[in-house]
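Participant: Listed here are the chains, written in short residue letters.
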Amino acid sequence: MSSRSFAIGLGSTPKRVLPGFGLSLGISLTFVSLMLLLPMTGLFGQLAGLSLAEYWAIITNERVVASYVVTIGAAAVAAIVNAAFGLLLAWVLVRYTFPGKRLLDALMDLPFALPTAVAGITLATLYSSNGWMGQLLEPLGLQVAYTWVGIALAMSFTSIPFVVRTVQPVLEDMPNEMDEAALTLGASDFTGFRRVILPHLWPALVTGTGLAFVRSLGEFGAIIFIAGNMPYETEITALMIFVRLQEYDYAGASAIASVVLFVSLALLLAINIWQGRFIKRLHGGHG
Amino acid sequence: MQRIGDGVAVRRLLIGAAVVLAALFLLLPLVAIFAQAFARGIDVFWANVTNHYTLAAIQLTLFIAVLTIPVCLVFGVALAWLVTRFRFPGRRILQTLIDIPFAVSPVVAGLVYLLLYGRTGWLGSWLDGHDIQLMFAWPGILLVTIFVTCPFVARELIPLMQAQGSREEEAAVTLGAPGWTIFRRVTLPNIRWALLYGVILTNARAVGEFGAVSVVSGAIRGQTNTLPLHLEQLYQDYNTVGAFASASLLALIALLTLVAKAGLEWRAARREVHP
Amino acid sequence: MSIRLHEIGKHFGRTQALEPIDLDIAEGELVGLLGPSGSGKTTLLRIIAGLETADNVAGARILFGERDVTHLHVRDRRIGFVFQHYALFRHMTVFDNVAFGLTVMPRKSRPSSGEIRSRVHRLLEMVKLEHMAHRYPAQLSGGQQQRVSLARALALRPDVLLLDEPFGALDAKVRQELRRWLRHLHDELNFTSLFVTHDQEEALELSDRVVVMSNGRIEQIDTPDELYRHPANRFVFEFLGDVNHLEGTVRDGVLTCGDASLAVDLEDGPEELLLRPHELELAPSATQHAHLPVCVTAISPVGAEVRVELEADWLGEPWLATVSHADYERLHLTRGTRLYAIPRRWHRFPDERTQQTAPTPETVS
Numbered sequence: 001m002s003s004r005s006f007a008i009g010l011g012s013t014p015k016r017v018l019p020g021f022g023l024s025l026g027i028s029l030t031f032v033s034l035m036l037l038l039p040m041t042g043l044f045g046q047l048a049g050l051s052l053a054e055y056w057a058i059i060t061n062e063r064v065v066a067s068y069v070v071t072i073g074a075a076a077v078a079a080i081v082n083a084a085f086g087l088l089l090a091w092v093l094v095r096y097t098f099p100g101k102r103l104l105d106a107l108m109d110l111p112f113a114l115p116t117a118v119a120g121i122t123l124a125t126l127y128s129s130n131g132w133m134g135q136l137l138e139p140l141g142l143q144v145a146y147t148w149v150g151i152a153l154a155m156s157f158t159s160i161p162f163v164v165r166t167v168q169p170v171l172e173d174m175p176n177e178m179d180e181a182a183l184t185l186g187a188s189d190f191t192g193f194r195r196v197i198l199p200h201l202w203p204a205l206v207t208g209t210g211l212a213f214v215r216s217l218g219e220f221g222a223i224i225f226i227a228g229n230m231p232y233e234t235e236i237t238a239l240m241i242f243v244r245l246q247e248y249d250y251a252g253a254s255a256i257a258s259v260v261l262f263v264s265l266a267l268l269l270a271i272n273i274w275q276g277r278f279i280k281r282l283h284g285g286h287g
Numbered sequence: 001m002q003r004i005g006d007g008v009a010v011r012r013l014l015i016g017a018a019v020v021l022a023a024l025f026l027l028l029p030l031v032a033i034f035a036q037a038f039a040r041g042i043d044v045f046w047a048n049v050t051n052h053y054t055l056a057a058i059q060l061t062l063f064i065a066v067l068t069i070p071v072c073l074v075f076g077v078a079l080a081w082l083v084t085r086f087r088f089p090g091r092r093i094l095q096t097l098i099d100i101p102f103a104v105s106p107v108v109a110g111l112v113y114l115l116l117y118g119r120t121g122w123l124g125s126w127l128d129g130h131d132i133q134l135m136f137a138w139p140g141i142l143l144v145t146i147f148v149t150c151p152f153v154a155r156e157l158i159p160l161m162q163a164q165g166s167r168e169e170e171a172a173v174t175l176g177a178p179g180w181t182i183f184r185r186v187t188l189p190n191i192r193w194a195l196l197y198g199v200i201l202t203n204a205r206a207v208g209e210f211g212a213v214s215v216v217s218g219a220i221r222g223q224t225n226t227l228p229l230h231l232e233q234l235y236q237d238y239n240t241v242g243a244f245a246s247a248s249l250l251a252l253i254a255l256l257t258l259v260a261k262a263g264l265e266w267r268a269a270r271r272e273v274h275p
Numbered sequence: 001m002s003i004r005l006h007e008i009g010k011h012f013g014r015t016q017a018l019e020p021i022d023l024d025i026a027e028g029e030l031v032g033l034l035g036p037s038g039s040g041k042t043t044l045l046r047i048i049a050g051l052e053t054a055d056n057v058a059g060a061r062i063l064f065g066e067r068d069v070t071h072l073h074v075r076d077r078r079i080g081f082v083f084q085h086y087a088l089f090r091h092m093t094v095f096d097n098v099a100f101g102l103t104v105m106p107r108k109s110r111p112s113s114g115e116i117r118s119r120v121h122r123l124l125e126m127v128k129l130e131h132m133a134h135r136y137p138a139q140l141s142g143g144q145q146q147r148v149s150l151a152r153a154l155a156l157r158p159d160v161l162l163l164d165e166p167f168g169a170l171d172a173k174v175r176q177e178l179r180r181w182l183r184h185l186h187d188e189l190n191f192t193s194l195f196v197t198h199d200q201e202e203a204l205e206l207s208d209r210v211v212v213m214s215n216g217r218i219e220q221i222d223t224p225d226e227l228y229r230h231p232a233n234r235f236v237f238e239f240l241g242d243v244n245h246l247e248g249t250v251r252d253g254v255l256t257c258g259d260a261s262l263a264v265d266l267e268d269g270p271e272e273l274l275l276r277p278h279e280l281e282l283a284p285s286a287t288q289h290a291h292l293p294v295c296v297t298a299i300s301p302v303g304a305e306v307r308v309e310l311e312a313d314w315l316g317e318p319w320l321a322t323v324s325h326a327d328y329e330r331l332h333l334t335r336g337t338r339l340y341a342i343p344r345r346w347h348r349f350p351d352e353r354t355q356q357t358a359p360t361p362e363t364v365s
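Residue numbers (UniProt numbering), protein chains in the order written: chain A, 1 to 287; chain B, 1 to 275; chain C, 1 to 365.
Please keep in mind that the hints were generated in silico from the structure rather than gathered at the bench. Wrong hints could be hidden among the right ones.
Stated by the list, open to error - Listed next, the in silico DSSO-like pairs over lysine-lysine satisfying Cα-Cα at most 30 Å (straight line):
#1 K261(B) x K101(A)
#2 K128(C) x K173(C)
#3 K280(A) x K128(C)
#4 K173(C) x K280(A)
Everything numeric in this text was worked out from a predicted model, so none of it was measured.
Using the sequences plus the hints, can you model the full thing?
Facilitator: Given below as structure tokens:
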């Protein structure tokens, strides 16, 4: 998620040639403080009112723990499915030409552009017992709506672009000589893909899948319509926060939110660090 | 040219699989939205769209978007200018900070605003004393919408401006151009398409935000209901056609966003071929 | 193993990248494909490798020894290929890169892992990189990477080694060193090699024979020595080194051009003569045969000789002459010195119509 920047010595700030440093710094800092940092104080203020035991009791409440299991489990399934599906889509979009390719490419951004609530009611309608997909799947014994499968489906829908759009540019930039070198050395399609192409895409694939996973953990609008929201069974953590809020239990909502927040940010950080290491190995440095 | 996976059978199999899966997974929902919206004919659709509460929701949604865009634009441009044109301590941290809204669950985003500006929050209780209510009213919706959309413009601009470097602006400085002129005459022409795409994305997200808005809006029909909240209520009331009528309006905006993106990308690709 | 090409041509869309070509390369030969960019040399190499397919015409054949590989996939041709930008697998160590070809062999024919290890170590020893076995490509210099790439290509003991501008991305000094080293390796292991280059010095220094190409055609195939002495046509002559042009009209055995004149044994009419810089002598006075007044405009003492740039009113483009340091000092050359150029030798390639006739290098004085 971070754009790479060039190493600089912090001490050696040359005289600034371009104008607007003060103005842009002022606007940026004001905005970041007021819009991003100040609201966080509300959360920590609320948490400060809780004792450690109370906090622990809230976040380990049986129903809440069940929601973690549902959320993480479904997000993991969605991420794994997306890794495979996203890789397939990116591969097809980069490597082949076929009629309708531009349309397929444009369609990849749909989940980002489509409001999550719209995706939510649409998926719920499609996969309910009398929906287009539900009618097909239920006789096969696959109940999607109001089960964790539906939750995973909604998560997968909203986060598939992360994988496609992270892998696609890396695959595009991959020099053709990699394929050719593997082929001249006698590799079959499958071996060549597994031993040469996949390792090349690995950092992007893991990053994209990781981002998709993080996004799925926090997703709300797309899921609640299809989930059925049965306590202990199909209730996601984001909904737990919402439920606590409707009960005016602000402390409870904050405690659970802090867990979600912490996990998301920690994962994001982990992805960034891991990616940095990998890039270092491929592009030089010692190790 | 020989490449891995270029055999006819492999190619057909993979293209086929990708197209079928994408059609089922991505295209079918899109079709379903419009099919449901028009399920009982165009008259019912029209009646639902022009319904008083729907119109109020449309109005509020557009109002919020219109206010959000300039704020995000100013912030995005200022931040992109700052981090790509200057080196200063804390630059990396600032760049990381603006990714927070992407990583934070929208419900959590709504919650932190509610905690701060709600009646129980320290800032909220002070505001309440002065008879200013931000939460469960449009200002609250605006604030959380700005929160969730603020990275888009900056994220579009930063990689581009980093790649372009600051040589052109430096040349303009040596020619004696004043600051604002440099931005308007040198920088802006180079970044205008990325800027436009950033605005389009901001707009798409602003009109569609659900999780964060649902926490702070209070969802009062005709007053603090945005279009996504409105369609949720209709859906919960088993008014499927009504819900999908509203959904189809939002889907239309999403489609326009995709078209705009494809158009801008096509433009960029063409400019690369014929510089 | 010998390589024989018959009627091998290539179209990309409507443009003809390669006119149908016949080419025989003997077993154990080291042959250079030389030409400017766009001459079709890389296309030809890639067709031999199987990375491109030749136009599918009835007579098109590629034979490795007695084996017809025309329709074989690249992975079944058993060639070694070295890429200009090394194309090492960046996520694998040097060892794994070299071992790759062996480890992807079908299980039945694959050597044991112990044997793979010893073979890779022998290869790394050969390219003098044993101590780098566990490094990643990014930690190696360009020259080292190209050596790894070569070891990787040789791991499968190919009958044919193909190299696409193998030293193109390296700096001059490393290039020199690798060139000598490749020649040595070739003589030792005795495989058939074909390499592409646009650097005439490289082609002439390294090859047993050179194939000069331009515009998708073979212009000449010869040993470096023959090529330099008897260029088949004007293109080959001009491509193999610096050339000075002298255009004028011949009348009664004298070519004149402005106030310059040169005695030539040619028929009357317009003529263009070509002169190599090292075939020009500089003297303080004209001779009976040559009256070519010039003025020194630039001097650069490079290596063993001194390059002198010459201009004159009768010259379209400046001439270049190379003189020994001894001559340079004897003549007291400085910018602005006026003196006379005296050709020891000149060449002419009568126009396109008669290009097929033998070249006629001549000697004056």
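Participant: Take the hints in turn and mark each one as holding or not.
Facilitator: Hint check:
1. K261(B) x K101(A): holds, 15 Å
2. K128(C) x K173(C): Holds, because 18 Å separates the two Cα atoms, which is no more than 30 Å.
3. K280(A) x K128(C): The given pair, whose Cα atoms are some 26 Å apart, holds under the 30 Å limit.
4. K173(C) x K280(A): Roughly 29 Å separates the two Cα atoms, so the pair holds.
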